[in-house]
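A.B. asks: Going left to right, the sequence shown walks through residues 1 to 273 as full-length UniProt numbering numbers them.
Treat each hint with caution, since some may be false.
Simulated DEER-style distance windows between Cβ atoms [claimed, not checked]:
(1) Met1 with Arg28: 39 to 47 Å
(2) Gly145 with Asp47: 37 to 45 Å
(3) Ser72 with Tyr150: 45 to 53 Å
Once the Cα atoms are required to be at most 30 Å apart in a straight line, the calculated DSBU-like pairs of lysine-lysine come out as [unchecked claim]:
(4) Lys86 with Lys10
(5) Lys108 with Lys10
(6) Lys63 with Lys86
None of these hints come from the bench; they were simulated from the model. Every residue, glycine too, gets a C-beta built ideally from N, C-alpha and C.
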Amino acid sequence: MLYDLDHLSKQQSIVTQEELLDAGWNGRLDFVGHVAGMRFVEAGNLDRFRALNVTWDEAHRFKDFNSFDCSSSSLCNIADHLRPFKYAGFMLYQTAVRDTGAACFRLKETGQVCHDMYLQVLQSLVRSRYMLDIVNRFREQSLGGADAPYLAVHIRPYEDICFDMWQQVDLHPVYYNMEDLEEVVGFRSLSLLGMVEEEIATQADFFIGSHVSSMSATVLQDRFARGQTSQSATTFMNTLSTPIKLKKRKKPSKGTQKALRKESRKQHRKARR
1 MLYDLDHLSK
11 QQSIVTQEEL
21 LDAGWNGRLD
31 FVGHVAGMRF
41 VEAGNLDRFR
51 ALNVTWDEAH
61 RFKDFNSFDC
71 SSSSLCNIAD
81 HLRPFKYAGF
91 MLYQTAVRDT
101 GAACFRLKET
111 GQVCHDMYLQ
121 VLQSLVRSRY
131 MLDIVNRFRE
141 QSLGGADAPY
151 LAVHIRPYED
161 ICFDMWQQVD
171 LHPVYYNMED
181 LEEVVGFRSL
191 SLLGMVEEEI
201 ATQADFFIGS
211 HVSSMSATVL
221 QDRFARGQTS
231 QSATTFMNTL
241 STPIKLKKRK
251 KPSKGTQKAL
261 RKESRKQHRK
271 ARR
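Generate the whole structure from the sequences, applying the supplied hints.
C.D. replies: So, in C-alpha cells, the structure goes:
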C-alpha cells in the first residue's frame, strides 16, 4: 500500500507477509528481538503486532540486544541468536537504527553507520500508485486542482501560535485530516496519515519544514531526489510558541562571586592600558 514494491525489489531483498503466509507460515514468530530496553515492549506496540495477525510465545520475554550500531560484530551477534529459528521479528525499526529518528536524521552522510545505511535504503523507497492517487484526489478537491500551485508547511511542535498570526492577516491553511484519510481508505491510521502528508509536502511548489522534525528531513530528501532545488524549501529553526522555562541556575557561592568580581576588575585594568 505505501511503497512501490516492484521498484523496491529491484534494489533490496524483500519478502511480504502475504508471501510468507502463502508459503505455509502460520503467523507465529519463533523469536522476537528488540534493542534499547523494555520501554518499547509496551501494550500499544504489542497491540500493533497483534493487529498484523502475528503471534508469539508470550510466556517468554523478548530478547534485548542492548545495543546495535550496524557494525559487522553487531550483525554477527544478532545472526548467532537468530540462526536456530525459522521465523523471527523485531520490535520497531527505531529500536535498531535509533539515529534515524526525530532531530537525528540528516540528508547527508554523518559517519554514523546505521544512519548512512538507512539513508542509502531510503533512496529505493518510492511511494505506491495507491498513495499518489490519494494525494491527487486531495489536490483536486481541496487545493484548486491537480496542477494548482500551493505552499506546504510542516510544523513541530504543533500547535504553534503562528496559526493565530496567519489568521490575523487573512491566511487560512488547508489541512489534511484523519477524517479525509478515513473517507478514502475506510479506516484510521496515524502512520498512513503521515505518509500522505509527506507526499503532499513533497509535491508542493514551496515547502517550509521544522528543523527538529525527521518528517521534514524526509520530505526535503524526497524533494531533492525529484529535482526540486534547495531554493524551493526552507525550515523553521525555532517556533514562536513560548519555550518551556528551564530550571533556574544555582546561585554562585560568595567565594565564586568574589573571584568573578576580582577577574572582572583585572580585565578592566588591562583594557584601560
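A.B. asks: For each hint, tell me whether it holds in the structure or not.
C.D. replies: Consistency of the hints with the structure:
1. Met1 with Arg28: 39 to 47 Å: Given a distance of about 24 Å, which is not inside 39 to 47 Å, the answer is violated.
2. Gly145 with Asp47: 37 to 45 Å: 40 Å, holds
3. Ser72 with Tyr150: 45 to 53 Å: Distance hint for serine 72, tyrosine 150 holds at roughly 46 Å.
4. Lys86 with Lys10: 25 Å, holds
5. Lys108 with Lys10: Roughly 23 Å between the alpha carbons, so the hint for lysine 108 and lysine 10 holds.
6. Lys63 with Lys86: 16 Å, holds
When the structure is compared with the earlier hints, a violation turns up for hint 1 alone.
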